[in-house]
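Visitor: In order, the protein sequence lines correspond to chains A and B. So in UniProt numbering, spot 121 of the first sequence is number 121, and the numbers just go up one at a time. So in UniProt numbering, spot 209 of the second sequence is number 209, and the numbers just go up one at a time.
If you are wondering where the hints come from, they were derived from the structure by calculation, not from laboratory data. There's no promise every hint is true.
Claimed, not checked - From the derived model, a few chain A residues whose C-beta atoms are all more than 12 Å from chain B: (1) 58; (2) 59; (3) 62; (4) 63; (5) 64; (6) 65; (7) 66; (8) 68; (9) 73; (10) 74; (11) 101; (12) 154.
Claimed, not checked - Straight-line alpha carbon distances no greater than 25 Å define the calculated DMTMM-like cross-link-like pairs of lysine to aspartate or glutamate that follow: (13) A/156 x B/25; (14) B/31 x A/147; (15) A/114 x A/136; (16) B/31 x A/109; (17) A/123 x A/101; (18) B/44 x A/147; (19) A/56 x A/121; (20) B/46 x A/53; (21) A/112 x B/38; (22) B/31 x A/170; (23) B/31 x A/121; (24) A/105 x B/25; (25) B/52 x A/46; (26) B/220 x B/198; (27) B/255 x B/210; (28) A/152 x B/19.
Since we're looking at a predicted model, the values are computed, not measured. Cβ atoms here follow ideal geometry from the backbone N, Cα and C, with glycine treated the same way.
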Amino acid sequence: MSLKSLSHVCQEKIYASLFDKYAEDINRFFFYKYGNKIAAEEAVQEAFIKLWENCKNVPVEKAKSYLFTVANNISLNAIKHQKVVLRYAKEQPQKKEDQQDPAYKLEEEEFKQKLQRAIGELKPKQRTTFLLHRIDGKTYKEIAEIENVSIKAIEKRMSQALAQLRQHIEQI
Amino acid sequence: METKNTLAQWIDGQSDFPEDIQAREIYENIKHYSAQLEAPTFEKVKVFKTIKNTRASKTQTRPSIKSYAFKIAAILVLAAGLLVFLKAITKAEFTTKVAQSQTIQLPDQSNVLLQPGSSLSYNDYFWFLNREVKLEGEAFFEVAKGETFTVKTANGEVKVLGTKFNVKTFHDELQVMCYEGRVEVSQNNLSDVITPNEFIVLSGGEISKETLQLKELPSKSGYFQIINSNFDILIKDVERYYGVDINSKQIETNKSFTGQLPKNDVKKALDIISKTYQVRYNTINENNFIFVGDEGY
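Next up, chain A with everything else stripped away, as it sits in the complex (with noise of 0.2 Å):
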């Protein structure tokens, strides 16, 4: 056995880890971009079959991008754009003192519900750099690897979705 051959995507152990890394990562990914959890679902795994028929030509550290290739690379027509549909976490501390005003409370509803509305306004690749910024605190480097561009087209699209959900939060 070659020593290469003992960091190989085609043992179980290593494939299993690169699932358990980053299956929830093209997840969500996928799901932010175009809100259909079945889709996103199936992108994932069609994106590890297809890493896993391919194990002998990937090396483990080219594994990630090769993923987030095939799942970048989806048919977009075969899937059914959806609104996406998020939660708020349960329990979050107020913004501000006064938060047993119930008008504030309500105040706040509101805004949480325009919130939800202009993002599900957003352009895909807005709203996908945005809520992976927002929810899952990647950074713009990381978010530029996923989409394979530069640091500097992601803050573009950071700083467009913000004045577009401003836009759309106005008009609401």
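Using the hints, position chain B against chain A.
Guide: Leaving out everything else, chain B in the frame of chain A:
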């Protein structure tokens, strides 16, 4: 619409809010509430199962050139598995509690007296290929003549052909007393051979040996034989031999103890220790004693 990336830098915490941009409050709210969002749960385990199933059905239809090699490998793995399995199911194991001892007869008619608080295991199936037992604690062995007989312990090994000897290993020491024949004792790179009436201790790279005449074999004797033990270890032995608790915090001594303690008579054993060390003990209850220093003497 704003064109520069100042907003992106702001929400990333790299800079303050850009002064040339209006509606700061809305942006602040977007920043605050978007951080509370959560993605739907991803059923990782379920998805991984689906992938494995799909993968399996795909690989079946495309047999690889290497499949022959895989088959051989699979058979080897199975054989190895069977061996491990056999080893596991044919493992004989004995454990004694405190104040309890047990006589064990090995497949070759060798006898073992397993002393209190100890355990012994060996492999029934492979016994005739390899006379080997694992020991934690203390045991007296009367080994039948034959191939090399090995006692493995956490603190070293004892090898013999056919002899009578006692092995004791509770702390990081290995103590062996030879009653008959020749006994080879080793710990890491150290090794030595002892003959009848010799007692050896291997501990952390040091060997100490002495000669003493013991009248009885542990298996025939009504006594526990203690050899050259310091006070603290002696007390631990007594606790284990008789299943009692002893508080000896008040006693400080570096005198060592060699002698016999009668089995099944903890009071007598404590009397002997009191006399030797010139201390008193109080009985708290039948299983609980405290040594209180030498004022009484």
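Visitor: Are the hints correct? Go through all of them and say.
Guide: Cross-check of the supplied hints:
{"no.": "1", "hint": "58", "verdict": "holds, 15 Å"}
{"no.": "2", "hint": "59", "verdict": "holds, 19 Å"}
{"no.": "3", "hint": "62", "verdict": "holds, 19 Å"}
{"no.": "4", "hint": "63", "verdict": "holds, 14 Å"}
{"no.": "5", "hint": "64", "verdict": "holds, 17 Å"}
{"no.": "6", "hint": "65", "verdict": "holds, 19 Å"}
{"no.": "7", "hint": "66", "verdict": "holds, 15 Å"}
{"no.": "8", "hint": "68", "verdict": "holds, 16 Å"}
{"no.": "9", "hint": "73", "verdict": "holds, 18 Å"}
{"no.": "10", "hint": "74", "verdict": "holds, 15 Å"}
{"no.": "11", "hint": "101", "verdict": "holds, 16 Å"}
{"no.": "12", "hint": "154", "verdict": "violated, 8 Å"}
{"no.": "13", "hint": "A/156 x B/25", "verdict": "holds, 21 Å"}
{"no.": "14", "hint": "B/31 x A/147", "verdict": "holds, 22 Å"}
{"no.": "15", "hint": "A/114 x A/136", "verdict": "holds, 21 Å"}
{"no.": "16", "hint": "B/31 x A/109", "verdict": "holds, 15 Å"}
{"no.": "17", "hint": "A/123 x A/101", "verdict": "violated, 36 Å"}
{"no.": "18", "hint": "B/44 x A/147", "verdict": "holds, 23 Å"}
{"no.": "19", "hint": "A/56 x A/121", "verdict": "violated, 42 Å"}
{"no.": "20", "hint": "B/46 x A/53", "verdict": "holds, 20 Å"}
{"no.": "21", "hint": "A/112 x B/38", "verdict": "holds, 13 Å"}
{"no.": "22", "hint": "B/31 x A/170", "verdict": "holds, 15 Å"}
{"no.": "23", "hint": "B/31 x A/121", "verdict": "holds, 17 Å"}
{"no.": "24", "hint": "A/105 x B/25", "verdict": "holds, 17 Å"}
{"no.": "25", "hint": "B/52 x A/46", "verdict": "holds, 12 Å"}
{"no.": "26", "hint": "B/220 x B/198", "verdict": "holds, 19 Å"}
{"no.": "27", "hint": "B/255 x B/210", "verdict": "holds, 17 Å"}
{"no.": "28", "hint": "A/152 x B/19", "verdict": "holds, 21 Å"}
The earlier numbered hints that this structure contradicts are 12, 17, 19.
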